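**Q** Listed below are the residues making up each chain.
2 protein chains.
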Amino acid sequence: MPVGTAATVKGLTPDDLRAFDTRIVLANTYHLWLRPGRDTIEELGGLHAFMSWDRNILTDSGGFQVFSLESRRVLAESGVRFRSHLDGSEHEFTPENVVAFQEALGVDVAMALDVCVKLPAELAEVDEAVRLTTRWAERCAAARRRPDTQLFGIVQGGLDEGARERSAAGLLPLDLPGYAIGGLSVGESREELYRMARFTAALLPVEKPRYLMGVGTIRDLIAAVDAGVDMFDCVYPTRCGRNGRALTRDGDLAIRNAGFTRDPRPLDATCTCAVCATYSRAYISHLFRAEEMLGPRLLSYHNLARLAQLMSEAREAIAAGTWAAFRDRQAVTL
Amino acid sequence: MPVGTAATVKGLTPDDLRAFDTRIVLANTYHLWLRPGRDTIEELGGLHAFMSWDRNILTDSGGFQVFSLESRRVLAESGVRFRSHLDGSEHEFTPENVVAFQEALGVDVAMALDVCVKLPAELAEVDEAVRLTTRWAERCAAARRRPDTQLFGIVQGGLDEGARERSAAGLLPLDLPGYAIGGLSVGESREELYRMARFTAALLPVEKPRYLMGVGTIRDLIAAVDAGVDMFDCVYPTRCGRNGRALTRDGDLAIRNAGFTRDPRPLDATCTCAVCATYSRAYISHLFRAEEMLGPRLLSYHNLARLAQLMSEAREAIAAGTWAAFRDRQAVTL
Numbered sequence: 011m012p013v014g015t016a017a018t019v020k021g022l023t024p025d026d027l028r029a030f031d032t033r034i035v036l037a038n039t040y041h042l043w044l045r046p047g048r049d050t051i052e053e054l055g056g057l058h059a060f061m062s063w064d065r066n067i068l069t070d071s072g073g074f075q076v077f078s079l080e081s082r083r084v085l086a087e088s089g090v091r092f093r094s095h096l097d098g099s100e101h102e103f104t105p106e107n108v109v110a111f112q113e114a115l116g117v118d119v120a121m122a123l124d125v126c127v128k129l130p131a132e133l134a135e136v137d138e139a140v141r142l143t144t145r146w147a148e149r150c151a152a153a154r155r156r157p158d159t160q161l162f163g164i165v166q167g168g169l170d171e172g173a174r175e176r177s178a179a180g181l182l183p184l185d186l187p188g189y190a191i192g193g194l195s196v197g198e199s200r201e202e203l204y205r206m207a208r209f210t211a212a213l214l215p216v217e218k219p220r221y222l223m224g225v226g227t228i229r230d231l232i233a234a235v236d237a238g239v240d241m242f243d244c245v246y247p248t249r250c251g252r253n254g255r256a257l258t259r260d261g262d263l264a265i266r267n268a269g270f271t272r273d274p275r276p277l278d279a280t281c282t283c284a285v286c287a288t289y290s291r292a293y294i295s296h297l298f299r300a301e302e303m304l305g306p307r308l309l310s311y312h313n314l315a316r317l318a319q320l321m322s323e324a325r326e327a328i329a330a331g332t333w334a335a336f337r338d339r340q341a342v343t344l
Numbered sequence: 011m012p013v014g015t016a017a018t019v020k021g022l023t024p025d026d027l028r029a030f031d032t033r034i035v036l037a038n039t040y041h042l043w044l045r046p047g048r049d050t051i052e053e054l055g056g057l058h059a060f061m062s063w064d065r066n067i068l069t070d071s072g073g074f075q076v077f078s079l080e081s082r083r084v085l086a087e088s089g090v091r092f093r094s095h096l097d098g099s100e101h102e103f104t105p106e107n108v109v110a111f112q113e114a115l116g117v118d119v120a121m122a123l124d125v126c127v128k129l130p131a132e133l134a135e136v137d138e139a140v141r142l143t144t145r146w147a148e149r150c151a152a153a154r155r156r157p158d159t160q161l162f163g164i165v166q167g168g169l170d171e172g173a174r175e176r177s178a179a180g181l182l183p184l185d186l187p188g189y190a191i192g193g194l195s196v197g198e199s200r201e202e203l204y205r206m207a208r209f210t211a212a213l214l215p216v217e218k219p220r221y222l223m224g225v226g227t228i229r230d231l232i233a234a235v236d237a238g239v240d241m242f243d244c245v246y247p248t249r250c251g252r253n254g255r256a257l258t259r260d261g262d263l264a265i266r267n268a269g270f271t272r273d274p275r276p277l278d279a280t281c282t283c284a285v286c287a288t289y290s291r292a293y294i295s296h297l298f299r300a301e302e303m304l305g306p307r308l309l310s311y312h313n314l315a316r317l318a319q320l321m322s323e324a325r326e327a328i329a330a331g332t333w334a335a336f337r338d339r340q341a342v343t344l
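Top to bottom, those sequences are chains A and B. Heads up, the numbering used here is the position in the first sequence plus 10, with the first residue counted as 1. Heads up, the numbering used here is the position in the second sequence plus 10, with the first residue counted as 1.
Simulated from the structure, these hints should not be mistaken for lab results. It should be emphasised that the depicted structure is a prediction, and the values quoted were computed from it without experimental measurement. One or more hints might be untrue.
A pair holds if it fits inside one copy or across any two, identical chains being indistinguishable in the list.
Below 25 Å or equal to it, Euclidean Cα-Cα: the simulated SDA-like pairs (lysine to any residue) are [to be verified]:
(1) Lys20 - Thr332
(2) Lys20 - Arg272
(3) Lys218 - Arg65
(4) Lys20 - Lys218
(5) Lys128 - Arg91
(6) Lys128 - Asp158
(7) Lys128 - Trp333
(8) Lys20 - Met303
(9) Lys218 - Glu132
(10) Lys218 - Asp240
(11) Lys128 - Arg149
(12) Lys218 - Pro274
(13) Lys20 - Ala237
(14) Lys218 - Gly89
(15) Lys20 - His58
(16) Lys218 - Tyr204
(17) Lys128 - Phe77
(18) Lys128 - Thr282
(19) Lys218 - Glu148
Please put together the full structure from these sequences, using the hints given.
**A** So, in structure tokens, the structure goes:
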């Protein structure tokens, strides 16, 4: 899922996203709650109409963002109070109001409010986060009013297998239409990420979407698909796009490098996107050196298109029963 | 002509430009000379191939930019030496090397090297600039090698009618395929701009393109077309686009204003562009408030499309013999 935190995938239009067959984008409850706010989006006809996106939208619950605020939030059984990073104003998220907000926006997939812990953490803290995440998921499920909004639960539990098991065991009785693996990709090692993603994915029903939050890079996507994960979101492709980093089959390119200034080749010779069909590395390198805004636009487009192609190829390989061979062929970038 | 100083109309792709029937863009000799440089552009197949633009390109000669450097340039009969604003490196423009550069880039219209004076100026200084501009135009004409590059001359003369007459009289014997009116839109009053544009346009052959450099706004375009001008360039629509100012039939809108935050209407109800067909003022206002890069992209697109529509309508009105009525209908924005 391309990330459109503030109701826009940075620099790209819905037409761009459809051009490489994007089916769902992610937006963010925390950011949209603060700006432009629920009333504005409702008045404009809901989030799809507001951002002119007619396909699926998933909103993160805001749990992750609020817990990133650290000193500016107070956690209680009822919910979490926090101060806006924009203007310091006070707000509270509860399981109920976060579900109501996402339903008011009319999103297709809403995420339950969860409690993230900063790693490393004591097991007691991890267990308390799991307990509260479970309780809040129950309250989120009870607060649902719209049958057309799919509520996903989020498995927490840090890097502890027992805690992950307890979290999954608490959520599965709710029979939610999908489950996410949260609390990872927050600074732990790649090996820990892969181990916990694989362990947790195996706890979740194979017939429902399994979503690894905050991932990622080409190698992380391949590893997570191998672990059974179906959905991802990450700012990585668009952030790289803004910073001059191109994702290619031969690894990442720092497009400002002197070696690209006269390189007539496309970013990635195997890529079928419009940017690779149209522009040379030399031109895109020039755009970044001249600090031209077309550079981030073109590179964000390519990076997202590149990951969309990768996932499309992964689906084909799985369907054809050739996943292992496909996975191993990607090893060059791992 | 949308301005693409550094081989990119800021934020937009060639596809965008073609969508509102752009036939020619402007690029800049001074900027491209310094970065990425002639060798790179030639090696990539010329400026059209480099920036993936298959329609016309006009390059300004760099005269205006060099004279803006003031303390960093030295003017002589032979040419003008200057230091790069990027790295302080020394360069020289001569009539001959500026023509050779533009021909090497393969542009469709090349501008002669001219001498701009800062206004207000003594008549002696204006006259000397006219003399040198005439002499340099002769040298530019003699330096031409490619029959497919059209060389335009530039009429100087500040705000003095006699100097403008002497400048035009010096250039017309060269029988160039087009003539520009330079040295205006540099801080003089709107009345002076209109008066000098009208006076100078009348000195130039009606059967050849007359190009008013550095103009402009909707009201300036209407006034200049009324004076007989055929071509324009200005950073105004794209600069406004980046800064949150929308050009509309009802005047400019500062899109960040609180009044637009819940406004479901398009930027301009009479505009046929893709942005007006797709997005609300509320959404674009949100993008600017959230400092999202899609905002400048969408607004730059709309502003250029809006001016393209205005010029298209002007051509139709002139062809239909209804120009005066059309001009007077635009008075609401004048």
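**Q** Confirm or reject each hint.
**A** Evaluation of the provided hints:
no.	hint	verdict
1	Lys20 - Thr332	neither (34 Å within a copy, 44 Å between copies)
2	Lys20 - Arg272	between (28 Å within a copy, 22 Å between copies)
3	Lys218 - Arg65	within (20 Å within a copy, 51 Å between copies)
4	Lys20 - Lys218	neither (29 Å within a copy, 44 Å between copies)
5	Lys128 - Arg91	within (18 Å within a copy, 60 Å between copies)
6	Lys128 - Asp158	neither (33 Å within a copy, 66 Å between copies)
7	Lys128 - Trp333	neither (34 Å within a copy, 69 Å between copies)
8	Lys20 - Met303	both (12 Å within a copy, 6 Å between copies)
9	Lys218 - Glu132	neither (31 Å within a copy, 80 Å between copies)
10	Lys218 - Asp240	within (9 Å within a copy, 63 Å between copies)
11	Lys128 - Arg149	within (24 Å within a copy, 71 Å between copies)
12	Lys218 - Pro274	neither (45 Å within a copy, 38 Å between copies)
13	Lys20 - Ala237	neither (29 Å within a copy, 43 Å between copies)
14	Lys218 - Gly89	neither (28 Å within a copy, 73 Å between copies)
15	Lys20 - His58	within (16 Å within a copy, 28 Å between copies)
16	Lys218 - Tyr204	within (20 Å within a copy, 69 Å between copies)
17	Lys128 - Phe77	within (8 Å within a copy, 58 Å between copies)
18	Lys128 - Thr282	neither (40 Å within a copy, 51 Å between copies)
19	Lys218 - Glu148	within (18 Å within a copy, 76 Å between copies)
In this structure, the hints that do not hold are numbers 1, 4, 6, 7, 9, 12, 13, 14 and 18, in rising order.
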